[in-house]
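Let the hints inform the model, and build the full structure from the sequences given.
Per the working numbering, the very first residue in the sequence shown carries number 1068; after that it's consecutive.
Just so you know, the hints here were simulated from the structure itself, not pulled from any lab data. Treat the hints with care, as some may be off.
[Said to hold, decoys possible] Ranges of calculated distance between the beta carbons of each label pair, as one might list FRET restraints:
id : residue 1 : residue 2 : range
1  : Ala1153   : Gly1097   : 29 to 39 Å
2  : Ser1078   : His1140   : 28 to 38 Å
3  : Gln1160   : Gly1089   : 15 to 25 Å
Note that beta-carbon positions come from the ideal geometry of N, C-alpha and C, so glycine has one too.
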Amino acid sequence: MPQAAACQWHSICHIDEIPPQGARVVRRPGQHDVAVFRTRDDQVFAVLDRCPHKGGPLSAGLVHGRSVACPLHGWVMDLASGQAQAPDEGCVQTFPVKVEGGAVYLGLDED
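Okay, structure coming up:
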């Protein structure tokens, strides 16, 4: 099994800056943005802000439970695994995220 790529933790905001059942976008110059989601019960997930179907901005989607529905065509993506909900097929890249003392940290690959 390949070793996980090393990542650097980046403080992106306080958890209260992400609305419950909402998202915050982390811009990455020269790369696709990352959407950081907060569920109703304060779980935090991070995925590439691009639906695998037609590239819709997942950050603008509706969060329900641990999933988000793409605003373009309604594909539902599991925020933990990145997998599309059947009958749709596809996967969105996920990123490590953690909350410590209310601060939200996003793990990004080292350059």
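Worksheet entry | List of violated hint numbers, smallest to largest | Failing hints: none at all.
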